[in-house]
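Novice: Given next are the chains, with one letter for each unit.
Protein chains: 2
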Amino acid sequence: MLTQLCKSARKASVLLGNSSTDLRNTALQAMANALVEKQGEIIAANNIDIENAKANGISTAMLDRLTLTEARIEAIAKSVEKVIALPDPLAKSESWVRPNGIKITKKRVPFGVIAIIYEARPNVTADAAALCLKSGNAVVLRGGKEAINSNIAMAKVLGEAVETVGLPKECVQIVTDTSRETANQLMKMKGYVDLLIPRGGKSLIRSVVDNATVPVIETGAGNCHVYFDKYADEDMAVSVLNNSKCSRPSVCNATESLLVHKDIAEKLLPKVKESLANVEIRGCERVCKIIDAALATDEDFYTEYNDYILAVKVVDSLEEAIDHINTHGTGHSECIITGCDIAAEQFCNTIDAAAVYVNASTRFTDGEEFGFGAEIGISTQKMHARGPMGLTEMTTYKYVVTGDGQVR
Amino acid sequence: MLTQLCKSARKASVLLGNSSTDLRNTALQAMANALVEKQGEIIAANNIDIENAKANGISTAMLDRLTLTEARIEAIAKSVEKVIALPDPLAKSESWVRPNGIKITKKRVPFGVIAIIYEARPNVTADAAALCLKSGNAVVLRGGKEAINSNIAMAKVLGEAVETVGLPKECVQIVTDTSRETANQLMKMKGYVDLLIPRGGKSLIRSVVDNATVPVIETGAGNCHVYFDKYADEDMAVSVLNNSKCSRPSVCNATESLLVHKDIAEKLLPKVKESLANVEIRGCERVCKIIDAALATDEDFYTEYNDYILAVKVVDSLEEAIDHINTHGTGHSECIITGCDIAAEQFCNTIDAAAVYVNASTRFTDGEEFGFGAEIGISTQKMHARGPMGLTEMTTYKYVVTGDGQVR
Chain A
1 MLTQLCKSAR KASVLLGNSS TDLRNTALQA MANALVEKQG EIIAANNIDI ENAKANGIST
61 AMLDRLTLTE ARIEAIAKSV EKVIALPDPL AKSESWVRPN GIKITKKRVP FGVIAIIYEA
121 RPNVTADAAA LCLKSGNAVV LRGGKEAINS NIAMAKVLGE AVETVGLPKE CVQIVTDTSR
181 ETANQLMKMK GYVDLLIPRG GKSLIRSVVD NATVPVIETG AGNCHVYFDK YADEDMAVSV
241 LNNSKCSRPS VCNATESLLV HKDIAEKLLP KVKESLANVE IRGCERVCKI IDAALATDED
301 FYTEYNDYIL AVKVVDSLEE AIDHINTHGT GHSECIITGC DIAAEQFCNT IDAAAVYVNA
361 STRFTDGEEF GFGAEIGIST QKMHARGPMG LTEMTTYKYV VTGDGQVR
Chain B
1 MLTQLCKSAR KASVLLGNSS TDLRNTALQA MANALVEKQG EIIAANNIDI ENAKANGIST
61 AMLDRLTLTE ARIEAIAKSV EKVIALPDPL AKSESWVRPN GIKITKKRVP FGVIAIIYEA
121 RPNVTADAAA LCLKSGNAVV LRGGKEAINS NIAMAKVLGE AVETVGLPKE CVQIVTDTSR
181 ETANQLMKMK GYVDLLIPRG GKSLIRSVVD NATVPVIETG AGNCHVYFDK YADEDMAVSV
241 LNNSKCSRPS VCNATESLLV HKDIAEKLLP KVKESLANVE IRGCERVCKI IDAALATDED
301 FYTEYNDYIL AVKVVDSLEE AIDHINTHGT GHSECIITGC DIAAEQFCNT IDAAAVYVNA
361 STRFTDGEEF GFGAEIGIST QKMHARGPMG LTEMTTYKYV VTGDGQVR
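As given, the protein sequences belong to chains A and B, one line each in that order.
Under this note's numbering, the first residue of the first sequence carries the number 1, and numbering increases by one thereafter.
Under this note's numbering, the first residue of the second sequence carries the number 1, and numbering increases by one thereafter.
These are calculated hints, taken from the structure and not from any lab test.
Quick caveat, the model's predicted, so the values are computed rather than measured.
Be a bit skeptical, because a hint or two may be false.
Copies of the same chain look alike in the list, so a pair counts if it works inside one copy or between any two.
Within a straight-line C-alpha distance of at most 25 Å, the following computed DSS-like cross-link-like pairs (lysine-lysine) qualify [claimed, not checked]:
# : residue 1 : residue 2
1 : K103      : K230
2 : K188      : K106
3 : K103      : K289
4 : K202      : K188
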């Protein structure tokens, strides 16, 4: 069943991968239009999910994330439309001729079939389908059970829209069985799935990394730090920290830990406490001597709270800060606040992370903010893609070599 | 023990990764010089390996691959020297400024620590160390037990040479324990090893893919095909096939299977038989009716012989050829011989492989032949790197974002 679904995705991916930019953009427009035209179907399905969720006593926040309204579906359609305007990642290629006359072209090509395993929010269904379609990849979507009816309805609408422009509807596939067994099976579809992108919490990512035999891009684990260097501008420090921590604590680019140089700790920590009044502070012993805070455990410094909680530590030196971050961080986004160029350079050169910030909020690690137009996720691994993954990162390449009988 | 070794490699990698192009090139020159100056030490160690190999009744071919002579060590030193002239892959970076004033620099950086697990030939020790050093990566080498004394001697000479220019000798590390347990432990050094590249036969690659939890680049599995299209130039077809199969059958870019369009099979197969007189032909039933050949099993078409054996099949159409290759191939190098542009285009667009050839030998899939100067291996996966992996493919990137207090 799952094998059959992946096989038909693979078959569709060959046609999709060789289709023109125009045809793929026409398909995206059809997808956006269909979402709006058939929102009745989608909302009806969403209502079933909402009823089930209420019966299961889901939290208000989760219920809100699950709910689709006319306005939300229109916003989803708009974000599909925005993908049309992005440059075609498959248009890039470079060629060279070798002394023996063979011509080598390095050609951007889609991966083929991309599988995405994600959690509650049904908007991911349309966003992921749009980015995969634009980059020439067939997509196999496996969303969470909470949104299964919404996801099935939306994927059906999207697949049918793709078909109206002459591409196979199997370009957009949805796994209707939300059991863990089927998810595990999907992770092992070697030969059918070319790339698997998990989008969700730590336990989902962990399970995928442990079980997958298909290539995976790890996304979203963000234990991000802000370090106040001894030469930090005080107002800037507090303002950037406040934004990094509080503007949206539930996302992966939010800051979880603050490190403060000992020389400025006494002056700055009370200001931090004041600015982050609604944040629970868990500090090391030195922090607790300066401000009123709970004592942090070592575990705190490894934790991605995704909440109004901040771990704080006083460090003796820039080197200690770097060492702490490289030990406790997840390679996502790390920030130094400093007026000293040498400290900034040392920080940028030795911190091992996708994005390293000097005097700017970690919250900028985002495809839109980086100017990529959209993203399928934030990679925290070093292979293939790092940081915000745009359309180019959803492609690979092949070499096409043409000759007139050359031998070696 | 292995953890300690990987830890010191990581520590060394930070200094190496931030060293100048000049310093890394000076280190390479010192490495090349040291290999020649201390060849006595290396040859003495190699003699122990040779004695052990003889006692174990190793084949003559294997013994030859294992043997180091003055001339061979000089050739190894020359290939280290050649890496000096290659462009520094870390020199590439691009920057842009966003409307809010933050400057984003996408900076090429080393992976950090690259582990290489390889089989018999001791020249890999120096080649891999040179490419890793040039690309700013510390290397953890784990060669086969047959060459362990040679490898230890060479790694010692190389590490000491690196130290003479002021870089840590731990940039070049060798695993002295050649047990399978230690190899398996190396594959799971998450947090210490950033990339693992296996270089060797099918069973080594398989074992790495199945066991590794660190990121891996699969290399070297090459079940390559040549397809004679109905519009093939006959002489070119036979000449390219002969070169693809016979010029060096033991390497991964050698061809293992020939597919022939039914319309030209009767004319071309006798010529193939004549040209490849020293090759054992295993054909499908239709082949066996035309020329004298053993009957091929389905297994034959999945086999990478690395020997003077060729599986041959008659196909009814280009589509059948493409389907056969995408089913049986390993995504390495695939070739069509045709005078028809439409057939060539269809072949190139739908074959899923690192390198697709039109009228040229599969033997060109090689870093030198592609113009990359050197390669660490031929990737047969789609993530990160595909085909010959040069210095650029041994690096990743990070984003360095600088601002003056921007928040979101």
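Novice: With reference to the structure, classify each hint as holding or not holding.
Specialist: Right, here's what the structure says about each hint:
1. Proximity of K103 and K230 under a CA criterion of 25 Å is satisfied inter-copy only: 23 Å between copies versus 56 Å inside one chain copy.
2. Proximity of K188 and K106 under a CA criterion of 25 Å is satisfied in neither setting, with 29 Å inside one chain copy and 33 Å between copies.
3. In this assembly of identical chains, the alpha carbons of K103 and K289 never lie at most 25 Å apart, being 69 Å within a copy and 38 Å across copies at closest.
4. For the identical chains of this complex, K202 and K188 are neighbours both inside a copy (20 Å) and across copies (20 Å), given an alpha-carbon limit of 25 Å.
In terms of the numbered hints stated before, the structure departs from hints 2, 3, listed from lowest to highest.
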